[in-house]
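Add chain B to chain A, keeping to what the hints say.
First to last, the protein sequences are chains A and B. Heads up: the first sequence begins at 0 in numbering that gives the first Met the number 0, then just goes up one per residue. Heads up: the second sequence begins at 0 in numbering that gives the first Met the number 0, then just goes up one per residue.
Hints listed in this document are in silico derivations from the structure and should not be mistaken for laboratory results. Any given hint could turn out to be false.
[What the hints assert, rightly or not] Under 10 Å between C-beta atoms, here's a sample of chain B residues computed to sit facing chain A:
hint: 1; residue: G50
hint: 2; residue: F51
hint: 3; residue: P76
hint: 4; residue: N80
hint: 5; residue: V84
hint: 6; residue: F85
hint: 7; residue: L88
hint: 8; residue: N99
hint: 9; residue: D162
Quick caveat, the model's predicted, so the values are computed rather than measured. For each residue, glycine too, the CB sits at the ideal point set by N, CA and C.
Below, each chain spelled out in residue letters.
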Amino acid sequence: MSKRLTLWLAVLLLLIAGALPVLDMLLRSLFIDGRFTLEAWNGLLADSRQWLLMRNSLLLASLVTLFTFVLGVPLGILLGKTDLPLRRALTLLFTIPLLIPPYIVAVAWSGLLQLLAPGGDIAGAWLFGLPGCVLVLSTVFLPIPLLLTQVLLRSVDPQMEEAGRLATGWRGVLAGITLPLILPGVLLAAVLVFLLALGEFSVPNYLRYAVFPVESFTQFSAFYDFSAATTAALPLAGVALILVLFEALLLHRHGWRLHSAGGGIDFLRIPLGRWHGGLLLAVALAGLLFILLPIGTLTIQSLGSYGEALRRAGGSLANSLLFATGGATLLATVGFLIGYLIQTRSLRSWRAVDTLTLFLLALPGTVIGIGLTGLWNRPLTDIIYATPLIILIGYLARYIALTSRINAAQLAQIPPSMEEAAQIAGAGWYRRIFFIVIPLAWRGLLASWLVGYIFSLRDTGITLLVHPAGAETLPVRILTLMANGSPALIAALCVIMIAATLVPAGLLWAILASHRNKRSGEEVLA
Amino acid sequence: MKVVELKAVSKSLDQVPVLQAIDLAVSAGERLVIFGPSGCGKTTLLRLVAGFLAPDVGSLVIGGELAARDGRSLIPPERRNIGMVFQNLALWPHFSVRGNIEFGLKARGLPRPEREQRVAAMLKLVGLENLARRKPGELSGGQQQRVALARALAPHPDLVLLDEPLSSLDPALNDRMRKEIVRLQETLGFTLIHVTHNREEADEIATRLIGMEQGSIVERPLPANA
Numbered sequence: 000m001s002k003r004l005t006l007w008l009a010v011l012l013l014l015i016a017g018a019l020p021v022l023d024m025l026l027r028s029l030f031i032d033g034r035f036t037l038e039a040w041n042g043l044l045a046d047s048r049q050w051l052l053m054r055n056s057l058l059l060a061s062l063v064t065l066f067t068f069v070l071g072v073p074l075g076i077l078l079g080k081t082d083l084p085l086r087r088a089l090t091l092l093f094t095i096p097l098l099i100p101p102y103i104v105a106v107a108w109s110g111l112l113q114l115l116a117p118g119g120d121i122a123g124a125w126l127f128g129l130p131g132c133v134l135v136l137s138t139v140f141l142p143i144p145l146l147l148t149q150v151l152l153r154s155v156d157p158q159m160e161e162a163g164r165l166a167t168g169w170r171g172v173l174a175g176i177t178l179p180l181i182l183p184g185v186l187l188a189a190v191l192v193f194l195l196a197l198g199e200f201s202v203p204n205y206l207r208y209a210v211f212p213v214e215s216f217t218q219f220s221a222f223y224d225f226s227a228a229t230t231a232a233l234p235l236a237g238v239a240l241i242l243v244l245f246e247a248l249l250l251h252r253h254g255w256r257l258h259s260a261g262g263g264i265d266f267l268r269i270p271l272g273r274w275h276g277g278l279l280l281a282v283a284l285a286g287l288l289f290i291l292l293p294i295g296t297l298t299i300q301s302l303g304s305y306g307e308a309l310r311r312a313g314g315s316l317a318n319s320l321l322f323a324t325g326g327a328t329l330l331a332t333v334g335f336l337i338g339y340l341i342q343t344r345s346l347r348s349w350r351a352v353d354t355l356t357l358f359l360l361a362l363p364g365t366v367i368g369i370g371l372t373g374l375w376n377r378p379l380t381d382i383i384y385a386t387p388l389i390i391l392i393g394y395l396a397r398y399i400a401l402t403s404r405i406n407a408a409q410l411a412q413i414p415p416s417m418e419e420a421a422q423i424a425g426a427g428w429y430r431r432i433f434f435i436v437i438p439l440a441w442r443g444l445l446a447s448w449l450v451g452y453i454f455s456l457r458d459t460g461i462t463l464l465v466h467p468a469g470a471e472t473l474p475v476r477i478l479t480l481m482a483n484g485s486p487a488l489i490a491a492l493c494v495i496m497i498a499a500t501l502v503p504a505g506l507l508w509a510i511l512a513s514h515r516n517k518r519s520g521e522e523v524l525a
Numbered sequence: 000m001k002v003v004e005l006k007a008v009s010k011s012l013d014q015v016p017v018l019q020a021i022d023l024a025v026s027a028g029e030r031l032v033i034f035g036p037s038g039c040g041k042t043t044l045l046r047l048v049a050g051f052l053a054p055d056v057g058s059l060v061i062g063g064e065l066a067a068r069d070g071r072s073l074i075p076p077e078r079r080n081i082g083m084v085f086q087n088l089a090l091w092p093h094f095s096v097r098g099n100i101e102f103g104l105k106a107r108g109l110p111r112p113e114r115e116q117r118v119a120a121m122l123k124l125v126g127l128e129n130l131a132r133r134k135p136g137e138l139s140g141g142q143q144q145r146v147a148l149a150r151a152l153a154p155h156p157d158l159v160l161l162d163e164p165l166s167s168l169d170p171a172l173n174d175r176m177r178k179e180i181v182r183l184q185e186t187l188g189f190t191l192i193h194v195t196h197n198r199e200e201a202d203e204i205a206t207r208l209i210g211m212e213q214g215s216i217v218e219r220p221l222p223a224n225a
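If we strip away everything but chain B, and leave its shape as in the complex, we get:
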């Protein structure tokens, strides 16, 4: 089953073409990594899928439903059941760790007992049970990454988008977080689209790897040992 399908999608920003006739389908349970240099259109592609942008031309199907077509967004971001970890994490500083994870569950109208159970499960999954009351500013970089992951995963999304969330980490922490992402995906079984400019990171996370160059997709085989 296809979770996401982009058909002949093109997008320009400030009259500059960023994506050009992209065709892409992502299957359920896949860990798709989009690899490419800065400015090649990776983030724009993720923002299109999330619903923050609409394609100028082409169509986007999410979970079998037409989500956007030819400049019009038909399903708003909050109804696409997507989780996302942003490049700068975008943790809300006025909420605690618990508040950050719980926000999306409250917005979806989940009853309190279920919210508490899910928050507890997420905290356990990312190993932050003891830090639930802390504010994001009181956490280390790695802990913040895990809060961002827990926040994205708590509503049980069909699809999780990761926009270079490891780019600012030191090599050791980067390596640990890669393993963490793979572990979480294998545990929960969600579909993952991860963008990065780090080839080593791409090879370690991907079950399928594609490259992007100047707004177009270039298929790239995974190394034999991946």
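Only chain A is shown next, with the shape it has when bound in the complex:
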């Protein structure tokens, strides 16, 4: 009973944090002045600007998905499956843009292009608009297919690859066996990138490319036109829902059951032989060009401005760290319970809950922010809306998919018999969770906390819309200072933001690396 009650409470929290605001938005668009009407929807369909925004949003998301897929999967194979030197360091390097607020990457590119052509207008002509958005968002989301490909490659049964190696070389095995096996997972990465690019607000806003999330934010913040903002947000919610259902129905059905072989050989690496040097050089150059150069430029620009940066945004940094810590704790706790629910299928609604979490991740932060404002901005609920609690609720809604899936993946590694043995011995559910499951799944719990921390810290869309007075976070402060702050000050704030993110990211990396080191039987197969 305690098990079902606790899991239902976690689901209820998720419904209140995420589903209710979206439902409220939908109802507000359908019921105006207390009566049912399709007026808002008809207006939306008749407005040519809405179609332009939809075209721009879909074009941007498609191009970003194409680039990240075409580059990320081969890079994931190269860094995750071969014996390329420095592959861990290079993976970490390519992951950095995902860990920081996306607009910081845009600021860094802008700085680099200004440096390359001072006084010229290269940045204005090239970076601001669709090409710049595609470049920045491709850099930001490239780690998703890259990392997911690496994880999926590790879950392919090495004996299936060995069975293929008896017939053909590694190229044939990759094309015929390994890639088809991981394809459903890779397609999921593509769907995820598409949704995240579709909902991205800060980069198109900074690079002045008209897409739905920017329109929705502008209607809300500049004109406080709640109805227009809601109407502009709903098409995105619709597209997100369609793709999430596609993922749930199609990809789940066609997903192959991947195994790790267990004892003996866990993983096979492809020897690169004479390609070693050339490929290392190519990957290192890509890392230098797309990550180190822009961020290095930002760092150089920031020198001498750290005093002013801390004076003007020290409070925001403290807020960021505090809210990120609170958000991570909430996300890890609820994520563990939802992950447990998904893994053990303890409630019949487990698949619906899993789909809901992915849908909320796919929604733009600004849409969740507008939904939360509409639902909670009432005198009766001021205790939530007028305090940082509203920010934490927003983080919970948007990022629960990440922490629940990390925990579910970790819990999948624990044989069910572990908990069953404790149950037979007479332990109740809480005792089993605290004394058996958590000690075995602590790595996943910690990793989910750190992922929750990083994503709460880098959040811009939700916090920008719902933060109460005096509770501004650093990414929001940087965005507001961009209007009148000097480039050096902005650069210094961005570097502080990067440092605040990379310290816990380094910790996460160390944990994952130590976990990986404990795996045995890795082999380079000729």
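Showing chain B alone in chain A's frame:
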């Protein structure tokens, strides 16, 4: 004629010696069974022969050609003309039964008519003609075993390696599959190395039986009635 020869082969995994100065020769048409407890090095020996590992010391000759010597693999697995049935079968779940059998034939560049003829012959040989379109996940344990055997045999290998493929079967099915393996070997005439920890299974399949203990080979006579 010797199909496989191991000369003074030693191999360590994670600094633990697994095989120690192994000398072994397998003649054409032989059904050699390597019998021994878990962890004695049987699977490592098979993986060396298949080309997934190279001996740290010693040499390996396959079909008269030097295949590996002193830490270096000289012939890759796909050029050794070996078929193998893995302990967990390792059937590819995204291919049908036909696709699993045909993969190795495609990789060897066989023309389509010959591929189809060989797949049909293999399906008939293992009695799965009606299940060609099924995915491995839709088959029973025994049917999966037969697909794995058909996949290993389709390219007409000189040597077939069986890595405890019957260990997970119930006694009745295990007994049927033993007879099936012997029948297939006698029909097609390939050389077979079969590893197992089941003495009864070893006695029934072997024309020659050797034991393994802690990485070394111990000759074991077959029972008189085998």
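Hint check:
1. G50: Status holds, d = 7 Å.
2. F51: The hint holds - F51 (chain B) has a Cβ within 10 Å of chain A, the shortest such distance being about 6 Å.
3. P76: Since the shortest Cβ distance to chain A is 5 Å, the answer is holds.
4. N80: This hint holds: N80 (chain B) lies near chain A, its Cβ roughly 9 Å from the closest one there, short of 10 Å.
5. V84: Nearest chain A Cβ about 9 Å off; hint holds.
6. F85: 5 Å, holds
7. L88: The hint holds - L88 (chain B) has a Cβ within 10 Å of chain A, the shortest such distance being about 8 Å.
8. N99: Status holds, d = 9 Å.
9. D162: Since chain A brings a Cβ to about 9 Å from D162 (chain B), closer than 10 Å, the hint holds.
In this structure, none of the earlier numbered hints is contradicted; all agree with it.
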